[in-house]
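4 protein chains.
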Amino acid sequence: MPKVGMEPIRRKALVQATIAEIGKAGGSLDVTVAQIAKRAGGVSSALAHHYFGGKDQIFLAAMRHILTLYGAQVRATLSIAKTPRARIEAIIHANFEAGNFRPPEVISAWLNFYVLSQSLDGGARRLLRVYQARLHSNLAHDLRPLVGGDQADDMADKLAAMIDGLYIRHALRDHLPDGKHACDQVLDCLDMMLGGNHDAT
Amino acid sequence: MPKVGMEPIRRKALVQATIAEIGKAGGSLDVTVAQIAKRAGGVSSALAHHYFGGKDQIFLAAMRHILTLYGAQVRATLSIAKTPRARIEAIIHANFEAGNFRPPEVISAWLNFYVLSQSLDGGARRLLRVYQARLHSNLAHDLRPLVGGDQADDMADKLAAMIDGLYIRHALRDHLPDGKHACDQVLDCLDMMLGGNHDAT
Amino acid sequence: MPKVGMEPIRRKALVQATIAEIGKAGGSLDVTVAQIAKRAGGVSSALAHHYFGGKDQIFLAAMRHILTLYGAQVRATLSIAKTPRARIEAIIHANFEAGNFRPPEVISAWLNFYVLSQSLDGGARRLLRVYQARLHSNLAHDLRPLVGGDQADDMADKLAAMIDGLYIRHALRDHLPDGKHACDQVLDCLDMMLGGNHDAT
Amino acid sequence: MPKVGMEPIRRKALVQATIAEIGKAGGSLDVTVAQIAKRAGGVSSALAHHYFGGKDQIFLAAMRHILTLYGAQVRATLSIAKTPRARIEAIIHANFEAGNFRPPEVISAWLNFYVLSQSLDGGARRLLRVYQARLHSNLAHDLRPLVGGDQADDMADKLAAMIDGLYIRHALRDHLPDGKHACDQVLDCLDMMLGGNHDAT
DNA sequence: AATGAATGAGGATTCATTCAT
DNA sequence: GATGAATGAATCCTCATTCAT
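Protein chains in written order, with this note's numbering: chain A, -9 to 191; chain B, -9 to 191; chain C, -9 to 191; chain D, -9 to 191.
Please keep in mind that the hints were generated in silico from the structure rather than gathered at the bench.
All figures in this text were calculated on a predicted structure; none of them were measured in a lab.
Keep in mind that a hint or two might mislead.
Pairs involving identical chains hold if they fit within one copy or between any two copies, as the list cannot separate such chains.
What the hints assert, rightly or not - DSBU-like mimics (lysine-lysine), calculated; alpha carbons at most 35 Å apart, straight line:
{"no.": "1", "residue 1": "Lys28", "residue 2": "Lys45"}
{"no.": "2", "residue 1": "Lys170", "residue 2": "Lys14"}
{"no.": "3", "residue 1": "Lys45", "residue 2": "Lys14"}
{"no.": "4", "residue 1": "Lys170", "residue 2": "Lys2"}
{"no.": "5", "residue 1": "Lys72", "residue 2": "Lys45"}
{"no.": "6", "residue 1": "Lys45", "residue 2": "Lys2"}
{"no.": "7", "residue 1": "Lys2", "residue 2": "Lys28"}
{"no.": "8", "residue 1": "Lys72", "residue 2": "Lys14"}
{"no.": "9", "residue 1": "Lys28", "residue 2": "Lys72"}
Build out the structure end to end from the sequences listed, making use of the hints.
Written as structure tokens, this is what we have:
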């Protein structure tokens, strides 16, 4: 059994274990490094510290991981869409129906990172900003051809807010979140906005 | 010299101290009972336990308090409004501009309760549901005369989601949240919904 | 059994336990808070933290305590001496024969504080300086009438150095330190200095 | 590509790194093997263990190294001096002005070894004794022709103590130690002793 | 009514040390 | 010859919580 090149493997396992463990804890960040380490192949908690430097960094890495998945999901969906309208729909879909972004653990973890970003110093907050900015700019970019630059920003704000709002409400529910329905709600709104805007359309 | 009838006073002080301390902690629930007790007039942490039974209960009480304020705020605003439309606007306003519901501490605290409701056992979650249900039913009730029962529910969902989404985004910002702007965004949406609806009607 | 007013008692016990435990550890500061707490009446280590705030503070307090004893010892001896010469002798005696300042534990602890003052931030170092300054100024003050201000400082330096040197060498020995002998050595030197000086005068 | 004959090189590097690292740590022995290894050319901490067997041994080796340097210094200076008096001066000089024995790191390290010799088992203590004995016998040897065997021992004691005392005081100062001044102080004392003794001289 | 005293349990973190390669 | 991987044990420290007064 080879004993070299374990680092990336361990890192990955630890990040995944972090997310899983948070999910198992009902979404709370009240998770010990020991728990995480145990789930990550039963390694020692010292190893987790060795690789990440501290609990905060572990959380940060997990957050970054989720955001990476999210980004990939969005990009993948976008690559298929051709028209601006299709692209907007794709973005919305990515938020609610994305494969890897969907599992309950991920939702819980995400939600907590979202809030805890306030206490986790610096890094976490910055990460959140990136997410928010990306969502907004993605939406605005494809709204512009449809409604013009004037309204694109504003509409993007609204849609983004609604997405976050729905996402969070989902996380708080007991029953499995219904991504499809959430999606439809946002799309409804989008239609309304476009409809109201383009009287002629 | 211990006075009689101190209990309600202490309780109030402790609840308020809890909210304040959470705010001071940047919105995090990482607040010790000792800190809370100290801020609540410098009482002993033992007293806090004596009155509430435990830290969770203290948090719960604080949450309940915020929700009570919120409810009062909504009711007050509603009592003035006369038309359904005015009532809907009042509800939206209550969420973003309400006097006691607004201070940053409260926002932070609220946001955390919102998320942490998952870990705080039972009670907290139930409380959140009440809030969500109330917001929804308030909106739906006054939307019904405008758009009919079919759509009222759905629109209430959307508006509520947007409110939550905006609220949370506010809490994550550095600069002081701009309640007015948030309000306008929701109202915009409302108009759009009503406009789009009326056309069709 | 009264349960109030324990703080000063516990503090004292903890400080003494610290010194004792360091002595038991062969003079090393490799002593855990738990060990200290156990020896201090078997209290919990948490209590030690509660009262002192941290391990460093505990050490600092112990150091301060030793220095206080030392100061008291010097003062007591000085109060009896009448002539400058007698006072100088008293100071020297205080360093080597002082009752409370003598026990091996104290020597060990002192020696370690002496050295560790470099790492213990700020406070410890300051404390050491106070000790050194006091020893020097005590000596210089009483040398002045005998040899004049010009030489008093210089002689005080030398005597102080010799005292420290002897003290440290004592601490490193296995057999019980011979305070009397050390004393005599310094006094010898003093005589030499005074003798040599007088000749020249 | 691992080279042969690296062992002595690595050992030297590790010993030097130990001394340097202790100096950097403000003289404290709170230095990790990892730090030492990194400074010693970035080798792995495992290598340090491989060569020395343990942290204590590393420290011991560093101590031994310093003592070796010290011994060489003394011998070198002694080889030039011709008269007993010159030889005594040479010994004193070697303690305060010796090239390799002087750098602040070495002073710090030395002082710590000096004290910590108590906890480092056996070996360290023995090493210290060797140093003390050597200093004493060196001095005594050359004092004998000057003052006779009776007093030589006693005077050597005093001078050695003063040397140690000054040395330690130097190590505790912030500003760079003034070796010249220390030297002069001891020489002053020596003169006094010789003068007082040899009235006829 | 209120508190000081005290604790136990647990968690993050650090490190020397070992081992297979 | 040298190292990355991994760990176990220890230590500091924090806190909610309890209890006698």
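Taking the hints in turn, this is what the structure says about them:
no., hint, verdict
1, Lys28 / Lys45, "both (14 Å within a copy, 24 Å between copies)"
2, Lys170 / Lys14, "within (24 Å within a copy, 39 Å between copies)"
3, Lys45 / Lys14, "both (18 Å within a copy, 22 Å between copies)"
4, Lys170 / Lys2, "within (30 Å within a copy, 44 Å between copies)"
5, Lys72 / Lys45, "neither (43 Å within a copy, 54 Å between copies)"
6, Lys45 / Lys2, "both (15 Å within a copy, 33 Å between copies)"
7, Lys2 / Lys28, "both (14 Å within a copy, 27 Å between copies)"
8, Lys72 / Lys14, "neither (39 Å within a copy, 48 Å between copies)"
9, Lys28 / Lys72, "neither (45 Å within a copy, 54 Å between copies)"
Taken one by one, the earlier hints fail for this structure at numbers 5, 8, 9, listed in ascending order.
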